[in-house]
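Put together the whole structure using the sequences plus the hints.
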Amino acid sequence: MNFEFSKRKNKFIEKYEYGKEIVGFGEYVLRFASSCPLGCFYCYLRDVNLQKHQPTVYTNFDKLRGELEELCRGLDNDCRIYLNAGENSDSLVFEPQAGFIKFLDRFISEKSCIRQKIKIELRTKTDNISCLKDIENKDRFVISFSISPQSIITKYEPRTASLENRLSAMQNCQTWGFSVGFRFEPIILQENIFEEYKKVLELAKEKKLFNEPEKVHSIGLSCLRFTRGLMKKIMKSYSPWPGTLLSQEFVPCPDGKFRYFRAIRSRIYRGLIDLVKKYTSIDKVFLSSEPVYIWQDCGLNPSNFTLF
Amino acid sequence: MKQKNFSLGHIFKMAYFTKTQRINIKRWVREILVPVEAEKILKDEKLTPHQKGDRIYKLFYSTRYPELSAAQEKFKKIAEKIFRNTGARIRLADQYFESNQIIVEPKEKIPDVEKFRTDLESVINWKPVLK
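As you go down the protein sequences, you meet chains A and B in turn. Going by the numbering used here, the first residue of the first sequence is number 96, and it counts up by one from there. Going by the numbering used here, the first residue of the second sequence is number -7, and it counts up by one from there.
A few of these clues could be false.
[Unchecked claim] The list that follows gives simulated cross-link-like pairs (lysine-lysine, DSS-like), each with its CA atoms no further than 30 angstroms apart:
id : chain 1 : residue 1 : chain 2 : residue 2
1  : A       : K115      : B       : K99
2  : B       : K18       : A       : K250
3  : A       : K300      : A       : K233
Keep in mind that the hints were calculated from the coordinates and are not lab data.
So this is what it looks like as structure tokens:
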């Protein structure tokens, strides 16, 4: 993987902006890289970054340390920090060269007083997990894997790990003592969608990922969404798949993004929630980047949910 | 996907569309199979170019957005029924249903409109808030 190192001038950590009317969880976003080399076809980064240059990984960890300390200083007794390190790049794709995860682990070890108040989510579509094995504070990390049916991975995520490999990586993470997160994201509407996700869940069950519910942090669902700019970019791109991706019924939502028509989204979520319930007793299921009324349409209550 | 023997120029020549409608139709013909009924509408000599334009636009819209257009049609019918029965006009705060609000005018008619809540909820199984 080609990338270069640099120093970050802007802030590493910022409170995540969910968008108008979108249910938020109070997450902070940790930006340690300029872009993601995986280049998934639907990714919002295609609209944000011009991707003319190879990705840059920021390694001025002293600045990051300062920001983390400042953030922790402002914590009241009941406050918790949920740090998402997979928002603008895959969290594991630059490891172990970047050394970013080791830094976070060391930071938590040094600051024993805030240990219980911080949780870091590493989100990935790779199976590059060897860097996680020796982490000391395993209970402070959530290793989330974006999971899609293999047909979707083949079409739209060509540089990522296969479904089988991702689930095996999850299995290893659980064995090493991590709790893992399932992120069914983005859910792309296709004819046999529930059959496809059934296969995914069956495979996950085969790998015994649901055997110990406490080792599953949460299950997140989110349908495909686009910014207007990204839609235009996809239309102009030469991939053979834009027709299938954009030919669905997308409508503008309160936060300015385009999503499937409400009835379609609700139907997908309800179907998948039912499927998940068949395979596991894990009830920490949430919708990512959806307004309250979609949660309600699906029988979920956002006020009962916390990521921490 | 385009159908064989289909010409956008032919449609634009035979039927009248606004500028926005033309832009939308140009986009949609790249995304859908043009319905065969379009040719019938164009050939109908009883229709004016404006009527042809309206019908073709509606046809293309319902082909491109089958679920959304069906829900909008259903809502329209319920709104008409409510207006006939109560004199209240209802409309969606957002035509894509991305809101739980239904605007009722005049507001004093709200209690009557409440009777149609079940009808409204049947559109897409939601819990609308009447405003």
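Cross-check of the supplied hints:
1. A/K115 to B/K99: At roughly 27 angstroms apart (the allowed maximum being 30 angstroms), B/K99 and A/K115 satisfy the hint.
2. B/K18 to A/K250: holds, 27 angstroms
3. A/K300 to A/K233: Holds, because 23 angstroms separates the two Cα atoms, which is no more than 30 angstroms.
Comparing the model with each numbered hint stated earlier shows that all of them hold.
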